[in-house]
Amino acid sequence: MSANMTTERTQFNGLMRVLHWLMAAMVLTMLGIGVAMVASLGDYHTLVSIHRPLGIAILILVVIRLLTRLSSSLPPFPATMSQQERLAAHGSEVLLYTLLFVEPLVGWGMLSAARFPIVLFGSVHLFPILPHSVMVYAFLRQAHTILAYLFFLAFIAHFGAILFHTLIVRDGMLGRMVPWRVRAR
Amino acid sequence: MAQLTANQDPKTRHGGGESVNPPGGSTLARLAGIGILLLGVVAAFLYLGGWFSPQKLTPGRFVDEFQRVDGTFSGFRRNHAKGVCVRGFFDSNGQGTRLSRAVVFRAGRVPVIGRFSIGGGDPYAGDALSDVRGLGLQFSLSDGEQWRTAMVNLPVFPFKDAQAFYDNLVASQPDPATHQPDPAKGAAFLASHPETARALGIIKSHAPSSGFDNSTFYGLNAFRFTNADGTVTPVRWALVPVQPYEAGSAAEGSQDKNFLFDGLIASILQHPLQWHLILTVGQPGDPTNDATIPWPEGRETVDVGTLTLDSVESEETSPARDVNFDPLVLPVGIAPSDDPLLSARSAIYSQSFTRRAGEKKLPSAITPAEVQK
Numbered sequence: 001m002s003a004n005m006t007t008e009r010t011q012f013n014g015l016m017r018v019l020h021w022l023m024a025a026m027v028l029t030m031l032g033i034g035v036a037m038v039a040s041l042g043d044y045h046t047l048v049s050i051h052r053p054l055g056i057a058i059l060i061l062v063v064i065r066l067l068t069r070l071s072s073s074l075p076p077f078p079a080t081m082s083q084q085e086r087l088a089a090h091g092s093e094v095l096l097y098t099l100l101f102v103e104p105l106v107g108w109g110m111l112s113a114a115r116f117p118i119v120l121f122g123s124v125h126l127f128p129i130l131p132h133s134v135m136v137y138a139f140l141r142q143a144h145t146i147l148a149y150l151f152f153l154a155f156i157a158h159f160g161a162i163l164f165h166t167l168i169v170r171d172g173m174l175g176r177m178v179p180w181r182v183r184a185r
Numbered sequence: 001m002a003q004l005t006a007n008q009d010p011k012t013r014h015g016g017g018e019s020v021n022p023p024g025g026s027t028l029a030r031l032a033g034i035g036i037l038l039l040g041v042v043a044a045f046l047y048l049g050g051w052f053s054p055q056k057l058t059p060g061r062f063v064d065e066f067q068r069v070d071g072t073f074s075g076f077r078r079n080h081a082k083g084v085c086v087r088g089f090f091d092s093n094g095q096g097t098r099l100s101r102a103v104v105f106r107a108g109r110v111p112v113i114g115r116f117s118i119g120g121g122d123p124y125a126g127d128a129l130s131d132v133r134g135l136g137l138q139f140s141l142s143d144g145e146q147w148r149t150a151m152v153n154l155p156v157f158p159f160k161d162a163q164a165f166y167d168n169l170v171a172s173q174p175d176p177a178t179h180q181p182d183p184a185k186g187a188a189f190l191a192s193h194p195e196t197a198r199a200l201g202i203i204k205s206h207a208p209s210s211g212f213d214n215s216t217f218y219g220l221n222a223f224r225f226t227n228a229d230g231t232v233t234p235v236r237w238a239l240v241p242v243q244p245y246e247a248g249s250a251a252e253g254s255q256d257k258n259f260l261f262d263g264l265i266a267s268i269l270q271h272p273l274q275w276h277l278i279l280t281v282g283q284p285g286d287p288t289n290d291a292t293i294p295w296p297e298g299r300e301t302v303d304v305g306t307l308t309l310d311s312v313e314s315e316e317t318s319p320a321r322d323v324n325f326d327p328l329v330l331p332v333g334i335a336p337s338d339d340p341l342l343s344a345r346s347a348i349y350s351q352s353f354t355r356r357a358g359e360k361k362l363p364s365a366i367t368p369a370e371v372q373k
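Which chain is which? The protein sequence lines are A and B, in order. Residue numbering for the first sequence follows the working numbering, starting at 1 and increasing by one per position. Residue numbering for the second sequence follows the working numbering, starting at 1 and increasing by one per position.
These are computed hints drawn from the structure, not numbers from a lab.
List time: in silico SDA-like cross-link candidates among lysine to any residue, alpha-carbon distance up to 20 Å:
id, chain 1, residue 1, chain 2, residue 2
1, B, Lys56, A, Gly42
2, B, Lys361, A, Pro131
3, B, Lys56, B, Ala44
Put together the whole structure using the sequences plus the hints.
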């Protein structure tokens, strides 16, 4: 902590920032593919073949990301934020991390319960993580959709909040997460 | 507010941000910009989900149409609803490795579960000789991969894509007054789909056999086989019965509502039933994207092994009831062709599976007692 007293962080560390933007792109792709594939006939197979390995990749990355998040120091919130805003920001962060874990696990779990092969690529496939039950499949399949819509809403809230801070409050909050280095103010 | 100003970049400090001037036009414009951007993202998401194209054929709308024609029966497949399940194995003779590196074609035995069915969404319908007979199979390969296939006893498929299949379903919907499909609508469909008329001509030239046990089942769609050298070959497959062909007689149906299934049960209880898995090797130029067109006579065929089905059980006790015989669950070495029907089948089967999975399972027409007699 003593080192941080003199040079307080202005940004999340490099790995956190790379993971943030990489996973943001992956999650948006997943949400788009997910909502498109369930309405698609001709492209269904191609989309679902991307959806499965991409979801598992997100699950792996969020483990790395959470470990990095827990083991690194964080930049402080801008002084513009009230206590309630900080609470809301923290809550939305917890929600997004939870969804990053739960949504791929529900997807893996539902295919497991249906005993549908969970092919990643080639002959590489995942083992089932739940017992065989089509009722469990049906429940998780519905949960997968509901969580996806919740994820999309959480993204919209997150995106809206950072746009507000960047364009209206103009407190430099985005600088904490931009991929390039930002000097201390 | 002074603190807020200190946090801003120099440009806004000089340009007069909201801390200097009261919220003015530029702040409102930026707020509106944010709103438009967010709405745009929401609209893009809804567009991808097909919310702005209510006429587009989706898996959900396709399955809705099955339900409109045949009704909804809790826990049953939306098509090929009536069925009975089987178990057995596939003995590969190794000949298939020339065309595909799929583990299933290496010499050896692979366990199989399957399900015989008749076409239509009513699981309690009476059997008829002219019914489309289906056979779904799941091969469990030694490396953990699966191969699933859903075949029918038609040499070609009557519809070239999902839209044509759907349009025919709409045309064959029973008239509320007569409870019969309107023949004029059926004729109009055939007139606008010459490929269906041609396919039906081919189908009619193959008289149905007396039962499931002596039926040939066709994979219908073409697939791309890749062997160990990386050579890609278009292939269609069929299961050709060892049981000798007997022409079906129309009188059978009048005695027993389940005569096709009861015949299968009696036959399998007597002796194991066998089929040869025959691959037909396509030549350059043979259509791989249209299941209504047969490949020319004389194409090379390869007998790659024998399927043996030696036990039969009711859907109520069999794991095969809960298997989605998705034709795109394929091992490495078999890949989909460019036939648009394949992805559509995969999507629609998944939709049907998802709907029935969560429903209460009603008793099957072919009960456990029926299978034992």
